[in-house]
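Enquirer: Chains as they are written, first to last, in our numbering: chain A, 7 to 121; chain B, 36 to 149.
By construction, these hints were calculated from the structure, which means they are not laboratory data.
C-beta: ideal position from N, C-alpha, C; glycine also.
Some clues are possibly wrong.
[As the list claims (entries may be wrong)] Label pairs and their in silico Cβ distance ranges:
| id | chain 1 | residue 1 | chain 2 | residue 2 | range |
| --- | --- | --- | --- | --- | --- |
| 1 | A | Ala8 | B | Thr100 | 29 to 37 Å |
| 2 | A | Asp24 | B | Ile98 | 44 to 52 Å |
| 3 | A | Asn58 | B | Lys104 | 36 to 44 Å |
| 4 | A | Gly34 | B | Asn92 | 16 to 24 Å |
[Stated by the list, open to error] Here are some of the chain B residues that sit facing chain A, going by a computed Cβ distance under 10 Å:
| id | residue |
| --- | --- |
| 5 | Cys47 |
| 6 | Arg51 |
| 7 | Ser63 |
| 8 | Tyr67 |
| 9 | Gln80 |
| 10 | Arg126 |
| 11 | Tyr135 |
Residues per chain are reported as follows:
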Amino acid sequence: GAGVSQSPSNKVTEKGKDVELRCDPISGHTALYWYRQRLGQGLEFLIYFQGNSAPDKSGLPSDRFSAERTGESVSTLTIQRTQQEDSAVYLCASSLQGQGHYIQYFGAGTRLSVL
Amino acid sequence: DAKTTQPPSMDCAEGRAANLPCNHSTISGNEYVYWYRQIHSQGPQYIIHGLKNNETNEMASLIITEDRKSSTLILPHATLRDTAVYYCIVRGAYSGAGSYQLTFGKGTKLSVIP
């Protein structure tokens with residue numbers, strides 16, 4: 007399919023371990039977003055990439071969180087020294103530029119459980 | 036961006052039209068209305084958007100009142116798979132700067148009843 011792909015779909019880790027989550031956006035989409043969604047809660051913005059511009063990292067909750075994107079392709083979100091409060095679904099979305107920014111296509115998410 | 040108000044929940048019989056209202060009385064002239072939905076355990080899904088004219092696509096129709104203070108999302112023949120939380124959001128025109136993250140309110144939980 008041509009949708010946004012995220013892996014793994016589920017990740018169980020122990021407190022203190024590092025995890026890496028991957029997102030493959032839709033081909034041709036220059037904008038990429040990472041969000042977090044805790045159980046029963048709304049979307050929480052984490053980080054935004056647009057082409058080769060500097061990313062907007064204003065939503066990252068702590069310096070344990072980082073993300074990279076190579077050009078307009080794959081992105082990885084890394085959480086170091088995971089804590090139990092990091093347990094959530096991590097969603098990736100991609101979009102075109104311009105007004106298309108508000109038409110975001112989401113992946114199925116990675117469900118992270120920190121024990 | 037203008038605030039939106041939606042009823043917390045609605046029921047709809049399978050096969051009937053589902054009409055989901057949204058109030059956005061403080062909307063300004065260059066702000067668009069977007070609708071998304073989130074089916075349980077899935078990522079949000081874009082449905083439709085509009086500025087002032089009514090819009091229709093393969094998923095739904097969007098009716099925006101003439102004064103633009105409210106809108107209605109119509110699913111013409113609701114199925115069980117349409118059971119989801121539906122979000123109405125208002126966002127301004129693209130300005131070329133900043134990021135464009137989505138912020139959802141509580142939305143309307145639509146239950147399609149067999």
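Enquirer: Alanine 8(A) and threonine 100(B), beta-carbon distance inside 29 to 37 Å?
Expert: About 36 Å separates the Cβ atoms of alanine 8(A) and threonine 100(B), which means 29 to 37 Å holds.
Enquirer: Do the Cβ positions of asparagine 58(A) and lysine 104(B) conform to the proposed distance bound of 36 to 44 Å?
Expert: Holds - the Cβ-Cβ distance for asparagine 58(A) and lysine 104(B), about 41 Å, lies within 36 to 44 Å.
Enquirer: Go through the hint on arginine 126(B) and say holds or violated, using the shortest Cβ distance to chain A against 10 Å.
Expert: holds (5 Å)
Enquirer: Would you say the C-beta atoms of aspartate 24(A) and isoleucine 98(B) sit inside 44 to 52 Å of each other?
Expert: Distance hint for aspartate 24(A), isoleucine 98(B) holds at roughly 49 Å.
Enquirer: Should the hint that serine 63(B) touches chain A count as held when the rule is a Cβ pair under 10 Å?
Expert: violated (15 Å)
Enquirer: Given arginine 51(B) as an interface hint, is its Cβ closer than 10 Å to any Cβ of chain A?
Expert: For arginine 51(B), the interface hint is violated, since the closest Cβ of chain A sits about 28 Å away, which is over 10 Å.
Enquirer: Within 16 to 24 Å or not, the Cβ separation of glycine 34(A) and asparagine 92(B)?
Expert: holds (20 Å)
Enquirer: Against chain A, is glutamine 80(B) within 10 Å by beta-carbon distance?
Expert: holds (7 Å)
Enquirer: Take the shortest C-beta to C-beta distance between cysteine 47(B) and chain A; is it under 10 Å?
Expert: For cysteine 47(B), the interface hint is violated, since the closest Cβ of chain A sits about 23 Å away, which is over 10 Å.
Enquirer: Given tyrosine 135(B) as an interface hint, is the shortest Cβ-Cβ distance to chain A below 10 Å?
Expert: holds (4 Å)
Enquirer: Against chain A, run the beta carbon of tyrosine 67(B) and see if the smallest gap drops under 10 Å.
Expert: holds (7 Å)
Checked against the numbered hints above, the structure breaks hints 5, 6, 7 and satisfies the rest.
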